[in-house]
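Enquirer: Chains as they are written, first to last, in the working numbering: chain A, 6 to 170; chain B, 681 to 1283; chain C, 12 to 301; chain D, 18 to 562.
Since the hints were derived computationally from the structure, they do not count as laboratory data. Treat the hints loosely; a few may be bogus.
Stated by the list, open to error - In silico lysine-lysine, BS3-like type, Cα no more than 30 Å apart, as pairs: (1) Lys32(D) <-> Lys383(D); (2) Lys33(C) <-> Lys263(D); (3) Lys32(D) <-> Lys33(C); (4) Lys204(D) <-> Lys1015(B); (5) Lys1024(B) <-> Lys818(B); (6) Lys127(A) <-> Lys51(A); (7) Lys285(C) <-> Lys204(D); (8) Lys312(D) <-> Lys35(C).
Treat the numbers as computed from the prediction; the structure is a model and nothing was measured.
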Amino acid sequence: MPITKYYPFEPEQAPLEYRGVPEINPHLCVGCGACVNVCPPDALIKIDDYENGTRKIVLDIGRCIRCARCEEVCPTRAIRLTREFEAASNDRICHVEIVELKLAKCRECGKYVDYTERQLQKVLSLIPPGILEFDRIREKLPLCRECKRLLTVVNATKFEEEMRE
Amino acid sequence: MLFALLFIIASIIGLIKREQVKIVGLLSALASLALVVEALSGIDATYSILGLEFAFMTDTISRYFCILVGISGLAVSLYTAEYMEPRHLNLAAYSVFILSMALIVLSRDFLEFIIFWELMTIASYVLIVTYYDNTETKKASIIYLVAMHAFNTAPLLLAIGAIYSQFGTLDYSTLQGVYVPTWVIWAFLLGFISKAGIFPVHFWLPEAHPVAPSNVSALLSGTMLKMAIYGMIRVVELFPGSEAIARTMVVLAILTIAIGAIMALVQKDIKRLMAYSSVDNMGYLFLALGAYIMLDRVLKKIAFLALLLHAFNHLVFKNLLFMLSGNVLHATGRKDLELRGLGKKMPFTAVMSVVGILSVSAVPPLNGFISKWLIYQATFLSKDPLLVGGGVISLFASALTLAAYIKIYRIFTGEPNVEAHEAAPLMLAGEAILAFLCVVAGIFPGIIARIINVDVGNPWLISIGGATFNALLFAGTLCSFIIAAAIALPTKKNLDAPWTTGEPVDEFEQKPEHMFTPIAKFGKKLSFIGERIEERFSSFERWYSSKDLGYLDEIMFMPVIKLIEGTSYVIKELSKNLNALLAVTFLVLFTIVLTMAVLAGVI
Amino acid sequence: MELLGAIVAPFLPPLLDGVARKVKALIQNRMGPSIFQTWYDIITLLSMEPTLPTGSLAFRLAPYIALASALCMAFMLPYGSNSIINFGGDLIAFIYVFTLFSAALVFGALSVENSYSHAGANRELTLSLVFKPLFTITIGIFALKTGSLSITQIAHSISPSLSIVGAYLLLLYVAYVEAGFIPYDIAEAETEILEGPLSEYSGRLLGLLKWALQIKRFAMIWLFASFVTLPIAEGVFAFVLQMMVFLLAYLLMVTYESLNARYRLDQAMNQGMKGIVIGAVLTIIAWLGW
Amino acid sequence: MIREFEEKFGPTLEKKVIAKNKVLYTLMVRREDFINMTKYILNRPNTRLFTMVGMDERNTEESFSVTYWFLDWKAQEVIGIRLYVPEEEPSFPSVGAIHKGAIWFEREVQDLLGLEAEGLPDPRRLILPDDWPEGVYPLREDFQYYHSPMGTRNYPYREPKNNSTVHPMGPYHVALDEPAHFRLFVKGEEIVDVDYRGFYSHRGIEKLARGRLNYNQVIFIAERVCGICGFAHSIAYAQAVEEAAKIEIPDRARYIRTILLEIERLHSHLLWIGVAAHLTGFDTGFMRSWLIREKVMELAERLTGNRKTYGLALVGGVRRDLLDYRKSLILETINKLRGEVNELVDMLLATKSFIKRCEGIGVLSKEKAREWDTAGPLARASGIDYDTRRDLPYAAYDELSFNVPVYKEGDVLARALVRIDEVKESISLLEQAVDAIPGGPVMAEFNEIPSWREGISAVEAPRGENTHYVMTGEINRIYRWRVKAPTYNNLQAVSDMLRGYTIGDAPLIVASIDPCYSCTERVQVVDIESGKAKVISFGGMGTCP
C-alpha cells in the first residue's frame, strides 16, 4: 500500500521521454556551434584557438537547464539528452565536457580558418554532385576568408579582362 | 518579656530622633529575635499597669503565632534598617506595630485582645500613610481606616460587650466551653473576615497594600492578616456551636480564592498583584479553618496542621515577595510590569524572586506545596461536596497564581530597558533569611510541625492519617536527576543573538498585559453583565421618577423607590472606587453566596 | 517489577514515538522512517553543542528541570502494584510535578527575547489554566467515590458506578490533551509559532526537552493505564496488563491524532470549558451516590 | 467601454489600435485630466487595472513613458493610456492615491526608472535591495545588466503603534515556501497591523531579457519566473509576441497549450490543498492530496519530458506533438484522478477540525478585493466573477465549455472550495480538449518579427491573471517585456486580510492566496542579518564569454 520507495538505496529509472543530462558524442560532432547559438543559459561555449588550430565545444552541465534546444538544432545529432538525472558530483570539473576538434587550414596562406575540417567534409558531402559550379565551390571552400576575397577579386579581374578582349 | 522592653525602647528612640532608621531597625530585629527565643521557652507573666490587669501566657497556638510574628519581625526589621524613609511618626509606629501584634497573640483575655488590636490598627494606619503626599495614598488610607473600624472593630466590640454582659468576665480560661448566642459568633466572623480580606469585605486590601512602603506592606499582608486567623481560631476553640458559621466561611473562602486569583491575573502593577494574591491565600486559610470545624477525627487533625503550616508558609513567601518588590521599587522607582532585564544588575533579587514565585505557586520542592498538599488532603477526602468543590477551585487558583507570577519573572529577563542597582546588603540579608526558610520548610516540614507538637514522624516527612509525603526523598530524587543530567550532558557557553527570522527587529517580545487574553476576556464578560444590571436599576429609577403620581406616590411607592435608588447609588458608589469588575462580582456572586449558603445550610 | 519499570520509563517513550510515526505513515500510505528514528534524532541532538541566545541561567537550566520532573512523574506511577520511588506521593503531588514541568518550560521560554517563544509560553500557561482544573475535577470524583488520593488505594477500592465510568472517560480525555497530541499540541505548534517554547533551543538542550516531552506523554497515558488495570490485577500480571492497555490506548490516540487538524487557542479553550461543565455534572452525580 | 471613453476624452488623445478591441491612447498635452480619465474608467462596474508599464524611450521618443492598461472584463475590451514623462522633470500624477491597486506599480516605477509619482501614499522602496545606492535605476537604458553597485543598508520599517509589539513572519519562516517578510504588529496573539517587505527573489529578468536574450531564449526565462505556474507565464509571453508580430498559431498548437495549462492548474491546486492541510497540522490531508498530485506530475513528465518546466512552448506554437499513445495516457490518468479527487474532497470536508480552522478567518470583502485588483481564486472567493479564460479567451478556451465557481464569504474555506471546484472543472476541460484536438502542424512559419510593435496578453494561471506586455525591438531582440503575476496584486490585499486574526492563523491566511513570491522577483543575494552582501558576478562560471 505505501507508494514511497527507499530511493537512494533502490535505483530509480526515469521514464523514456525524460529530458535528462545532455551528452556530446565526439565522433559525430562537427564543431559547427549551432547548439552554442541556441543555448539560452550559455551552457555550451565555443572556444577557437587559432595558434594551435583547435576548436573546443565546452558543455557545462552545471549551467544547462535541459531544454533540449541543442538536440533539436544539431545537424549531426551529436548532442543528445540522456535519461540520466543524477548530476550531483563533489567536484565542479566532472560537470564540464569538452570536445576538441582540429580547425581546417587555409590551402593558400596556411592560416587556420574559423571552421573545422569535419565541418568542411560535412558541407562537401551535403552538396549534391549534380550542382552546376560544383568544382568551383569545391575549390573555394577550404580557403580562409582573406584568400577567398583575394580569389573572388582575382576571378573578377580575370573575368573583366576576358570581357575586354 | 524582654522583647516588649526592647520594642518600647526602639519606638521611643524613633519618637525622639526621627532619622535614626538604622538603630530602630536593628533594635526591632533584636527584639523580634528575643521574642522568638522567649516564645520557644514559653512566656507566663502578669502585669498591672494603671490598675488594669494584663496577663500574658503562651499555650500551643499563641506560642506558634508568637514565633511567626518574631520571624517576620526579624526579617522585615533587617530590611527596614536599610529601606525605611523616616517621615513623621512612622519609625515609632513601626516597632509599636510589631509589639502590638506580639501582645495580641500573648493576651489571655478579650479586653487585652481588643486593646492591642486597636493599637495595631492605629499603628498600621500611621505606617500606611507614610507617603501621604500622593492622592492615591490618602484615598486608600481613608478606605482602610473606615473599613477597619466599620466592619472590623465594631462587630468585635459588640461581641465582646455581649459576652461581658452575659458572663461578667472576659478571661479565656473561664470562658472555655461556654454556650454563647450564635449572633455573637457571627459578629466575630464578620470582624475577622474583614480584617483578613475575605470576599465581601476585601476591597480595602488591594487599595492599602500597594500604597504602603514595601516593608510595611510585607508586614501588613504577611503578619497582620495572620492575626485575624489567630482571633478566629481562638473564638472557634473557646465557643462550641461554631458549626453554623463553618459552611458560610467555606463558601466565602472559595469565592475569595477564585476572585483573588482572577484579579491577580489581570493586574498591571506588581504590588497590587501581590495584594490580590494575599487575598487569594487568605481564602486558603479560611477554607482550611472551615474544614477544621466541619471535619472530625483524623481529617480534623490534617486540617489543623494544614491551617498552621499554610499560615507559616504564606507569611514567609509573602514577606519575601513584598520585600523583593521593594528592592525593585527602590532601585528603579517603578513598580509596573514594563520593566525588563533587571536580572543583569540585580542577580540576588532575581534568584530570590524565582524562589518566591515557585513557592507561592506551590511548586513541589519548595514550602508552598506542603501546606497546599495538606489542604487538598483535608478537602478532597472529606466526602463533603462543598469541601471537594473548594479543593478543586483552589487547585484551579494555584494554576492562576503561577500564571500571574510568571509576569513578575518577566521583569528580570531580556535586555535591560531601565538602569537599576542591586539592593543594599542588609536588605538582601533579610530576604535571604526568608528564602532559606522557604527552602528548608519545603524539604523538612516536620520541624515546623513539631513546634505545634503535632507528631509527624521524622522531620523530613508529613504522615498523619494515612497520607504520607516524604518531602526530602522527593526533593532528593528531583535534584539527583537534575545534577545527573547536568553532569552527563553539560553545555558550554557560546552566545548568539536570538533569531528574528531574517529581518532585524527591536521590539521582539510579547508584553505581559497581552498575555492570557482568553482569561482576561472572561473577566471582561463578567464586568459587562454587571454594567447591564446596574444600568437597568438606574433606568427603572429614572422611569419611575418621570411619572408623577402625586399623593399616592408619597406613602406607597416613594419608600420602595428610595430603596431601589439607594441600592443603585450604592452600587454606583462601590463601582466607582472599585473597578467595574469588582462591583459586578460583588453583586452577581453575592446572590450566589446567599443561595449556596441556604442550600448548604439546608443539606 | 519496579526495576523493570525503572528501565521502561525513561527508555521506552522515544521508541513508542517511533512506532507512532510508523503508524501515521501507514495511514498516509507512505513508508515512514524506522521505529528507532526518534532515538536517532535524540542521540544526534544530545551529541551536538547548543548555541545559547541569552546568558540567563534559567534558559540553560529549564531543560534539565523539565527532564527531572518528567522522570519524577514517571517514577511516581505504579508499575505492577507499587511505584519505583514511593515517597507517598499521590495524585496531588502528580499534578504539581506536572505543573513544575510546564513551569520549567515556561521559565525557559520567557527568559529569552523571542516573541515566538513568548507566544508558546503564553499558550502553554493558558491551556494549563483550563485543563489542569479538568484534571483536578476527575481526581475529585475519584476521591469522592473512594475516599483516598493515592493511586494504589483508589485503584483497590473502586466500585463500578455511573460517575466512575464518566471519570474514566474524562481521565482518558485529559491524558490525550496533556500528552500533547495533534488537536491539542497548540503550545508546540511548529507551523504556527516555530515549536513555541522550544524555538530558541538547539543541540543538547533541545534533545533533553524532546526526550522530556516524550516521557511526559508516556507518564500521562501510563497513569490512565494503571487506573484501568490496578483494580483487577496484582503484581506481574498487573504490569503486563498495564503494558497492554497502555499500548492499546497509545495506538488509538495516534490514529485519532492523524485524522485531525490542530485547534486554535480559543477553540481548545471552549473544548476545555465544555469538559469542566461535564466534570461538574459528574461530581454532582458522584456526590448523589451513583 | 472604448466607444464611451472616446466620446468623452477622444479629441485630446492620439489613438493606436493594438489588436481587436485593444486600443492604446497616448496623452501628449493637458496631463491634469489624466487622473479623471483613470477615475472615469475605474468607476465603471467591471473594470480593473490590468497592468502598468514604465518604459525608457529616451532614444526613440526622448522621454520616459508610463502606460496604464485597463480591462473591462464584461465588455472584453482593453484600454491603454500612455503618459510621456520628460527626462528633466521625471514626475507624473499618482493613480495610487485614488486606486489602491496601483500603489505597487508606481513604487516599482519609482525604484526601477526613477519616475516620481506625486501623491503616492507609501513612497518607500519596493523592489530594490536595501543597500542599492540612491539614484541608480536598473531599467534605464544606460545601466548595463551585469552591473551590481553596492551602497549602505537602511530600510525604514513602520514603528509599532500604541504599544503593540513586532512579531516578524520573516524571510525564513516554516510556513512561507519562499522568502517574504510580514511584519505583524501584534497585541499578544491578535494582529493589529501588518507591514510587508518583499521582493527577496527579484532576479531582474526584464533587464536580462532586454540585455542578452533573443525571442526564443526569453521564453525559457519566462517559464522559470514561477516555480509552479511556469508554463502559464511562457504561454502569456508567447501570445504577447505573437500578437505584436501578428502571427497566427495553428489550431493543434492552441489545443496542446490548453491541455498543458489545465494539467498545470491541476497540480498547482492539489499542491495548495496539501499545503493548507499541512499548515493546520492535518498531515494526512497533506499526504493524500500530494499522493494524487504525483499522478498528474508523472503524466506531465511522460508528455513533456519534465515534471514541472515543460519547455514545450515557443513563439509561434509548440515544439513537440502529443502522439497517440500520449493521448490514451491522459485519458487513463484523468479517469483515475476523478475518483480519487472526489474521495479526497469528501475526506477534507468531513474533518470538522480542519474546516473549523479554515472557516471565518482572513475574510476579504468584495469592495476591498476589487480595490486591490485581486485576481484568481482569491477574487472569485470574494464574489468577483472574473476569469481570464472565459472573459479574455485565448488558446482553445473559446471552443471549450466550462463554468467558473464564485463564492461570497471570502474566507479561507471559500478559497479552498473555489480551488476544489476548479480542479473538477480542469478535469472535464482536459477531457473535452483531448477529444476535440484537431490535426495539422504544431508550429507556424513566420520570418522576421517586426520591430517597435506592442503586444499585451493575459493567461489565467492557477493563482490568477498573468499579464505580459511586450514591445519588440531590432535584431531579433525584445525592447521591453513587462511581467505582472497575480500574486503582485493579491499580496497587497494580505495586510487587510490579516488584521484582527491571531498569529496562529497568519500562516494559513498568507498561504490562502497561494503566494508565488518568485513571480515578483529580486536582484541580489544579500545576507541581510549580518549586512554582508554576496554579489553573484555573472561571469562567475568562468565559461561565460
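Enquirer: Which earlier hints turn out false for this structure, listed by number in ascending order?
Expert: When the structure is compared with the hints, numbers 1, 2, 3, 5 turn out to be violated.
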